[in-house]
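Chemist: Chain residues, written in single-letter form:
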Amino acid sequence: GESVGLHLPTLSVQEGDNSIINCAYSNSASDYFIWYKQESGKGPQFIIDIRSNMDKRQGQRVTVLLNKTVKHLSLQIAATQPGDSAVYFCAENNGRPGNTGKLIFGQGTTLQVKP
Amino acid sequence: ETGVTQSPTHLIKTRGQQVTLRCSSQSGHNTVSWYQQALGQGPQFIFQYYREEENGRGNFPPRFSGLQFPNYSSELNVNALELDDSALYLCASRSGATPASYNEQFFGPGTRLTVL
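Chains A and B, in that order, give the protein sequences.
Position 80 (the first sequence) corresponds to 80 in the working numbering; numbering is contiguous.
Position 101 (the second sequence) corresponds to 216 in the working numbering; numbering is contiguous.
Next comes chain B alone, as it looks inside the complex (with noise of 0.2 angstroms):
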């Protein structure tokens, strides 16, 4: 098991709704990243967070935004939410001077959100 944590473990909610999931990462890493895994596919990138900073973005509308704290523990915030954001929401961390360091990633167990 990694240092990684992610609540709630399960979600449920419906269209138009916002969510906010939850990760700590594991001791000593400063970088977060966030992924979105639709049942059979790969993980997606969402984003990464470095040093309370929004850097690198996938291809993910605005309405998917995050927090990273002093403590480096993160947010993923999903408003209006619709059916195709139903996913396992993943959460990784790593550790690394800058966030071009190649280390790595740990992965939480995931979040896994239903919209309705």
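Chain A with its partners taken away, still in its complex shape (with noise of 0.2 angstroms):
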């Protein structure tokens, strides 16, 4: 079946660290990847997002890594700040006909920023 995990539920980390979430998929059909960040009480928020014809992509602090022989992706932190202390959802999308729109969420990574 479908399914899309994360190696770790917790990962604690100092700040001004770079932060590293592993994620696992189990799809080879899928070609849409994104990141998602959820703080306490709200709705997850679009962090960076990859296609498979990419194996990285960059943006502000965060850099996403797919690699699609082993079917892992990854999202680094650069100088992670407390205000990154959230859970962090991969999510993956295969884009058949009936499925645009469907994500397939992992269980979900708590980051802890430690002061």
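Don't read these hints as lab results, they were simulated from the structure.
Among these hints, one or two may not hold up.
Now the in silico label distances, taken between C-beta atoms and shown as ranges [claimed, not checked]:
| id | chain 1 | residue 1 | chain 2 | residue 2 | range |
| --- | --- | --- | --- | --- | --- |
| 1 | B | T120 | A | M54 | 45 to 53 angstroms |
| 2 | A | A78 | B | R178 | 44 to 52 angstroms |
| 3 | A | Q81 | B | G131 | 45 to 53 angstroms |
| 4 | A | P115 | B | R137 | 35 to 43 angstroms |
| 5 | B | P123 | A | D55 | 41 to 49 angstroms |
| 6 | A | Q81 | B | R137 | 31 to 39 angstroms |
| 7 | A | E39 | B | A195 | 29 to 37 angstroms |
| 8 | A | G59 | B | L182 | 46 to 54 angstroms |
| 9 | B | L126 | A | P9 | 43 to 51 angstroms |
| 10 | B | R178 | A | P82 | 37 to 45 angstroms |
Beta carbons are placed, not taken as given, at the ideal position from N, Cα and C, and that holds for glycine.
Once you've looked at the hints, go ahead and assemble the two chains, each given alone in its own frame, into the complex.
Modeler: Structure follows, in structure tokens:
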């Protein structure tokens, strides 16, 4: 079946360090991947996305890496700040008719930033 | 903050009742998706609406139904509520000439439903 999994439920980092959050996916047909940040009491907030024809994409302080060979996705956050503390979800979409817009989410990794 | 709004914020119902949740999409967005997020889990896709028609559905029973209106706002209806329906219900909107376009989905803050 379809599943997106995260390697660790909780990641604790020191303020200023870099954070790496990992995600494994099982559907080799997936061609679009997104990272979301969810703070307590709020809906998921888009961070960055990547399509399967790319292996790296950079945003402001964030980088997403995609390894299609091993079906692995990672989110790197540079110079982690207290405001980065949240639950991070990876999500995939395989774009098949009827599935477009259907995002499959992982269970989430909680990022804790220590001051 | 996204331009997606949801109402009500919180809701308490009893088993067997029916509930209607509402979503106003971001201006210019014609596609709305609904997700169920159980505590400690990732959101699960319920269904998507595009131009007032359901376009794509997840593994949810028929008692989960929806509507999309000409102004692209949407409703999620759940009949015969069960205890396991207790969750955060999220609405997400996006723009796109077709539902197949990969445009960023903007999520609302959600409605917290508790079924007793």
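Chemist: If a hint holds in the structure, say so; if it does not, say that too.
Modeler: Consistency of the hints with the structure:
1. Our hint of 45 to 53 angstroms for T120 of chain B and M54 of chain A is violated, since their Cβ atoms are close to 33 angstroms apart.
2. The hinted window of 44 to 52 angstroms between A78 of chain A and R178 of chain B holds, with their beta carbons roughly 46 angstroms apart.
3. The hint said 45 to 53 angstroms for the Cβ distance between Q81 of chain A and G131 of chain B, and at roughly 47 angstroms that hint holds.
4. For the hinted restraint 35 to 43 angstroms between P115 of chain A and R137 of chain B, the CB-CB distance of approximately 40 angstroms keeps it satisfied.
5. Checking the proposed 41 to 49 angstroms range against P123 of chain B and D55 of chain A shows it holds: the Cβ atoms sit about 43 angstroms from each other.
6. A hinted range of 31 to 39 angstroms holds for the C-beta pair Q81 of chain A and R137 of chain B, which are about 35 angstroms apart.
7. Between E39 of chain A and A195 of chain B the C-beta distance comes to about 33 angstroms, which sits within the given range of 29 to 37 angstroms.
8. Checking the proposed 46 to 54 angstroms range against G59 of chain A and L182 of chain B shows it is violated: the Cβ atoms sit about 36 angstroms from each other.
9. Between L126 of chain B and P9 of chain A the beta carbons are some 29 angstroms apart, a value that contradicts the proposed interval 43 to 51 angstroms.
10. Between R178 of chain B and P82 of chain A the C-beta distance comes to about 43 angstroms, which sits within the given range of 37 to 45 angstroms.
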